[in-house]
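Protein chains in written order, with this note's numbering: chain A, 1 to 576; chain B, 1 to 221.
Facing chain B, from chain A, some residues (calculated, C-beta under 8 Å):
{"#": "1", "residue": "Ala244"}
{"#": "2", "residue": "Tyr301"}
{"#": "3", "residue": "Pro420"}
{"#": "4", "residue": "Gln421"}
Quick caveat, the hints were computed from the structure, so don't treat them as lab data. What you are looking at is a predicted structure, and each value in this text was computed from that prediction instead of being measured. Glycine residues also receive a C-beta, built at the ideal position from the N, C-alpha and C atoms.
Listed below, chain by chain, are the residues.
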Amino acid sequence: MTQDLAGRAAAERELAGESELAGERELAGESELAEGQQPRPGRGRLGVVGWLRWGWRQLTSMRTALVLLFLLALASIPGSVLPQQSINPAAVTQYYAAHPALAPFLARLSGFDVFGAPWFAAIYLLLFTSLAGCVLPRTFRLARSARQPPPRAPRILGRLPQAAGFATPWRPDRTLESAAALLRRRRFRVRTGDGWVSAEKGYLHEVGNLLFHVALLGLLASVALGGLFGYKGNRLLVDGDTFANTPVGLDVFRPGRLVSAGDLQPFSITLRKFSASYITSGAQRGQPARFVASIRYNSRYGGPLTRYDLQVNHPLNVDGVQVFLIGHGYAPVFKVTDGTGVVRFDQAVPFIPVEQSGLTSAGVVKVPDASPRQLGFAGVFLPTEIDVGGRLASAFPAADYPRVSLVSYAGNLGINGGQPQSVYSLDTSRMRRLAVSPRPLAPGQSVTLPDGLGKLTFTGYRQWASLAITYDPGQFPALVSALAALAGLILSFLVRRRRIFVRAAQVGLADGAGGPVDAAVTTVEVGGLTRSDMAGGFETEFAELASEIMLEVRGAAAAAAGSGGAEASAVAAKGE
Amino acid sequence: MTRLRSAAAAVVAGPAGAVRAVLAGPVVAGPVLAGAVLASAAVLALTSCSAGTIADSTSASSGFVGGSYSSTYYRPGSRPAAPAVGGTTLTGSRFRLAADRGKVVVLNFWGSWCAPCRHEAPALAALATHFKNAPVRFVGDDVHDSPAAALAFERTYSVGYPSLSDPGEQVALAFHGTVPPVAIPTTLLIDRTGHIAGRIVGEVSYRGLRALVTKILAGQS
Chain A
1 MTQDLAGRAA
11 AERELAGESE
21 LAGERELAGE
31 SELAEGQQPR
41 PGRGRLGVVG
51 WLRWGWRQLT
61 SMRTALVLLF
71 LLALASIPGS
81 VLPQQSINPA
91 AVTQYYAAHP
101 ALAPFLARLS
111 GFDVFGAPWF
121 AAIYLLLFTS
131 LAGCVLPRTF
141 RLARSARQPP
151 PRAPRILGRL
161 PQAAGFATPW
171 RPDRTLESAA
181 ALLRRRRFRV
191 RTGDGWVSAE
201 KGYLHEVGNL
211 LFHVALLGLL
221 ASVALGGLFG
231 YKGNRLLVDG
241 DTFANTPVGL
251 DVFRPGRLVS
261 AGDLQPFSIT
271 LRKFSASYIT
281 SGAQRGQPAR
291 FVASIRYNSR
301 YGGPLTRYDL
311 QVNHPLNVDG
321 VQVFLIGHGY
331 APVFKVTDGT
341 GVVRFDQAVP
351 FIPVEQSGLT
361 SAGVVKVPDA
371 SPRQLGFAGV
381 FLPTEIDVGG
391 RLASAFPAAD
401 YPRVSLVSYA
411 GNLGINGGQP
421 QSVYSLDTSR
431 MRRLAVSPRP
441 LAPGQSVTLP
451 DGLGKLTFTG
461 YRQWASLAIT
471 YDPGQFPALV
481 SALAALAGLI
491 LSFLVRRRRI
501 FVRAAQVGLA
511 DGAGGPVDAA
521 VTTVEVGGLT
531 RSDMAGGFET
541 EFAELASEIM
551 LEVRGAAAAA
561 AGSGGAEASA
571 VAAKGE
Chain B
1 MTRLRSAAAA
11 VVAGPAGAVR
21 AVLAGPVVAG
31 PVLAGAVLAS
41 AAVLALTSCS
51 AGTIADSTSA
61 SSGFVGGSYS
71 STYYRPGSRP
81 AAPAVGGTTL
91 TGSRFRLAAD
101 RGKVVVLNFW
111 GSWCAPCRHE
121 APALAALATH
131 FKNAPVRFVG
141 DDVHDSPAAA
151 LAFERTYSVG
161 YPSLSDPGEQ
171 VALAFHGTVP
181 PVAIPTTLLI
191 DRTGHIAGRI
201 VGEVSYRGLR
211 ALVTKILAGQ
221 S
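Turn these sequences into a full structure, and let the hints guide you.
So, in structure tokens, the structure goes:
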């Protein structure tokens with residue numbers, strides 16, 4: 001892609017060249033000033049403006065863009081190695097605990113917020129500037145070149161890659177007229193001069209190029225639009241639960257730079273029922289057959305409710321926001337009675353699948369307000385429990401034989417100090433494991449904790465669905481831009497830009513004795529030039545055109561003379 | 001601003017990291033060098049949405065970490081009207097915000113699962129007692145929670161004021177277009193005329209909230 005861009009840029013410059021001479025001169029002359037080969041500023045010669053200009057050229061060079069791109073990739077590595085505050089704050093807290101000396105240092109370098117770091121922003125802003133600075137002027141150049149008339153014909157057409165010549169008794173001006181007429185009929189853009197005709201065709205190549213570059217800018221702008229005004233969020237919803245699209249209601253909220261809490265589209269979604277069906281036999285046994293999250297939503301507070309069936313790849317669209325069904329699982333319902341005999345906890349707790357074939361799910365239950373001790377439980381939910389040699393496993397993802405196995409703890413959950421923690425992990429460092437057998441519980445069964453600490457009952461289970469909420473105002477413009485870029489690319493590949501030059505000159509007669517005016521001989525030279533002949537075939541086209549020109553000229557001459565007239569010499573196509 | 005974001009995200013985003021990691025697999029910013037420009041566009045797309053800010057034009061944006069908080073005060077005249085919210089409390093009685101016109105209302109959004117909420121609970125309970133004889137109404141809004149756990153929380157911290165049961169965040173949603181809560185916990189202060197006079201994002205401090213309530217109560221500008 002980059003090579004192609006650079007190569008094409010060179011070709012464009014040549015075609016766009018103001019140079020009088022086509023062909024090798026043009027190649028040699030104009031493209032000397034390729035990017036990165038700008039003359040270095042001499043010592044003390046250049047003022048501030050000169051240096052700025054030089055700096056700008058360096059920044060917008062393809063090489064710099066590549067270096068920046070590489071830097072960007074490099075800079076995102078710490079983002080995937082170190083825990084990130086915006087993605088997993090609990091892991092950051094753990095990192096602080098594990099590396100008390102290193103963590104503050106890393107924090108100062110934005111190690112836990114890599115994608116929001118000033119140095120990261122610096123890289124991608126520079127990259128953006130570099131790309132825009134590279135593409136914008138090129139766009140203008142292309143636009144200029146697309147409007148330019150064909151250049152003057154070179155003096156010696158024989159040097160061009162394609163050349164042919166013939167002689168005719170027809171006068172040079174008439175010859176050129178009929179050649180120009182033919183080329184116009186062939187839809188060339190024609191320019192005439194003293195003794196020459198210059199014609200050019202294939203401007204669609206430039207249009208395609210232009211379209212491609214403008215579309216690239218459009219793509220960049222769309223991405224920026226999405227990054228500034230878009231947002232993403234996730235929410236896990238248990239059957240029967242409702243959530244509101246606010247920062248408070250989202251489990252994960254990743255807003256664009258210019259998004260504030262008030263910008264979120266104020267819809268609410270209630271999960272009426274999630275249902276999953278699985279293939280029950282054959283090699284595909286246990287594979288999901290169908291997931292449907294039956295929901296009810298409204299687009300504003302207190303608004304009318306609408307029903308919708310959310311399915312994988314069948315998102316809901318509310319006010320331009322897309323809501324995708326991205327996951328599902330089980331939420332066993334637990335009721336915990338503490339040592340004082342009061343129910344301190346009674347709710348469904350989402351467990352997270354740790355494997356897909358049997359949907360074995362792990363989760364924790366925290367009862368921070370139990371007396372006399374805070375209680376914690378960690379364990380697994382097995383939709384279809386089987387015992388594999390003393391090890392618990394789930395044989396099927398549907399809840400055919402649901403069991404829960406939990407390890408019980410009492411002590412300090414570490415939640416009262418104000419330090420946020422994940423609801424999916426249990427910090428047992430200040431807790432004591434209770435001597436309770438983690439035997440699997442069936443729905444309705446209880447486990448009584450020792451020392452009068454209370455009782456836990458597994459009352460049943462519900463299902464949950466997790467939703468991804470995506471708002472990207474740049475999505476549609478990005479699609480349009482991408483399609484336009486593709487169309488432009490195809491156009492510029494398929495259409496070649498080519499020039500045909502015709503020169504005609506009267507050759508001094510060997511003898512002027514008594515002959516008619518027609519006896520004078522005009523030598524006609526035809527030259528052809530193309531760039532970006534990706535599709536090939538210019539050679540053939542040129543040969544055809546050259547002979548057509550010859551026939552045209554001869555035909556016209558013959559028609560004008562009525563009959564007779566000297567025979568022209570044969571077409572000699574040089575062709576390379 | 002960065003701190004505000006991280007702390008707020010810390011509160012809100014707790015569960016999600018785990019969910020995402022398990023369900024969707026970790027999303028790693030790996031630019032595929034399919035093409036210089038397109039790849040960079042992809043990288044830009046990725047980076048520009050993975051870093052988040054809960055920015056709010058009205059926020060004073062002084063960060064909060066641990067015990068400190070971000071507090072915003074609105075002068076009389078620039079206070080948006082509070083929406084007409086109401087509902088059922090955890091104990092089953094009805095509550096309407098509009099019924100407390102003439103009082104300063106301290107509306108605290110919380111959840112029993114939320115660590116910073118637990119940490120600020122004693123201060124709120126003590127302030128409710130402190131302002132017992134003043135025209136100040138404390139009310140909670142318990143989001144994303146179950147009544148059993150919420151009531152257990154209230155018993156632990158001897159919370160003497162009622163809380164709306166709001167598992168679907170509908171009360172929070174009703175503040176859309178005014179001064180919405182942006183994290184759990186968030187505390188909104190509503191003046192005697194039913195206008196929002198202040199917002200505290202993150203944990204409140206006893207002194208900070210007391211000063212703010214006193215100021216709004218006095219009607220100073």
